[in-house]
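Chemist: Mapping to this note's numbering: the sequence shown position 106 is 106, numbers consecutive.
It is possible that part of the hints are untrue.
Cross-link-like lysine to aspartate or glutamate pairs, in silico, EDC-like; alpha carbons within 20 Å at most [said to hold, decoys possible]:
no.: 1; residue 1: Lys-109; residue 2: Glu-58
no.: 2; residue 1: Lys-118; residue 2: Glu-128
no.: 3; residue 1: Lys-118; residue 2: Glu-195
Quick list of the computed label-pair ranges, beta carbon to beta carbon [said to hold, decoys possible]:
no.: 4; residue 1: His-59; residue 2: Pro-241; range: 21 to 31 Å
no.: 5; residue 1: Leu-167; residue 2: Asp-40; range: 42 to 52 Å
no.: 6; residue 1: Leu-114; residue 2: Ser-166; range: 18 to 28 Å
no.: 7; residue 1: Arg-107; residue 2: Arg-146; range: 34 to 44 Å
no.: 8; residue 1: Arg-124; residue 2: Ala-64; range: 19 to 29 Å
no.: 9; residue 1: Trp-28; residue 2: Pro-76; range: 39 to 49 Å
no.: 10; residue 1: Asp-45; residue 2: Thr-105; range: 21 to 31 Å
no.: 11; residue 1: Leu-114; residue 2: Asp-40; range: 32 to 42 Å
no.: 12; residue 1: Pro-76; residue 2: Asp-37; range: 19 to 29 Å
no.: 13; residue 1: Arg-160; residue 2: Gly-138; range: 35 to 45 Å
Hints are computed from structural coordinates only; laboratory data are not their basis.
Ideal Cβ positions, reconstructed from N, Cα and C, are used throughout, including at glycine.
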Amino acid sequence: AFPQQRLEARLTACDLDLEAPPEPFAGWPGLEFRRADVCDLPFADGSFDLVFYHHVIEHVDDPARSLAELARVLRPEGWLFVGTPNRHRLLSAFGAHRQRHWQRTWRNKLRENLADWKARLAGRFRNELGAHAGFSTGGLDRMLARHFADRRWLTAEYLRFKYGESLLRLPIRVLTLRPLIYLAAPSIYAMCRKEKGDAALLSPDDGAAALFAATSCGPDTSPARKAPRSLSPVPLKDRRPLRVMFVTTSM
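Using the sequences and the hints given, assemble the complete structure.
Modeler: Here it is in structure tokens:
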């Protein structure tokens, strides 16, 4: 809802296992659902202005190919927002939102951390072996560099924003300092811009604000509280509506 309301955008949600629009989203204007493989998207080149690829890439069989596909369907000056677990994290799941098949309880969070460390000690902490490992900043950056010359890492900013009104805000500010962030950050976040075109429809600051608000609003979070700033994209009268894709693993 955030990109529709604040960016006046048309949304397309893509999911490999999507059979029908989930009940809460059925009938939303300007929102379509497509069953699609992120490694073989059914869209023409340059179809989208923004792509949200939030905690999906670690579940994909061919991550490098998925990034090539997302770069293909982005327009010049388009933005890709990507988030994934930090492969070098010491702890995980403590800030995770409640999900359809996962409840945010301390028992579940402890269970997930024990599973991570069990996989590490067994030498099986890899996405392709079934672990929820994610990527290191360096590893993901090398894959992104093949398609995006402009890459902005937002891990510290995102985590400080996400926990800005919680009791964890002061520890988070310390833990997101270098070099602590490489082990303390549970996930990593970046925004990447495709090669320049005639004119940008969304500034880097507005793009970052959209990323923070759209990806940190879980079912138990207030979207109004989470909106980080007042966006000021190019006025609608001066541009066409933005077209935005969300790639999901489940809705």
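Chemist: The structure should be examined with respect to each hint, and the outcome stated for every one.
Modeler: These are the hints, each one checked on the structure:
Of the pairs offered as hints, the one joining Lys-109 and Glu-58 holds, with about 19 Å between alpha carbons and a cut-off of 20 Å not exceeded. Distance check on the hinted pair: Lys-118 and Glu-128 sit about 16 Å apart at the alpha-carbon level, within 20 Å; holds. Distance check on the hinted pair: Lys-118 and Glu-195 sit about 42 Å apart at the alpha-carbon level, beyond 20 Å; violated. At about 30 Å, the CB distance of His-59 to Pro-241 agrees with the hint of 21 to 31 Å.
Judged by the Cβ atoms, the range 42 to 52 Å given for Leu-167 and Asp-40 holds: they are separated by roughly 44 Å. Against the hinted window of 18 to 28 Å, the Cβ-Cβ separation of Leu-114 and Ser-166 comes to about 24 Å, which satisfies the hint. Taking the beta carbon of each, Arg-107 and Arg-146 are about 41 Å apart, inside 34 to 44 Å as hinted. Checked against the given bound of 19 to 29 Å, the beta carbons of Arg-124 and Ala-64, roughly 21 Å apart, stay inside it.
The beta-carbon spacing between Trp-28 and Pro-76, approximately 29 Å, falls outside the hinted interval of 39 to 49 Å. A C-beta distance of roughly 44 Å is found between Asp-45 and Thr-105, which places it outside the suggested range of 21 to 31 Å. The hinted window of 32 to 42 Å between Leu-114 and Asp-40 holds, with their beta carbons roughly 36 Å apart. For Pro-76 and Asp-37, the Cβ-Cβ distance of about 24 Å falls inside the hinted range of 19 to 29 Å, so the restraint holds.
Remark: the range hint 35 to 45 Å for Arg-160 to Gly-138 is contradicted by a beta-carbon distance near 22 Å.
The structure fails to meet hints 3, 9, 10, 13 from the earlier list, while all remaining hints are met.
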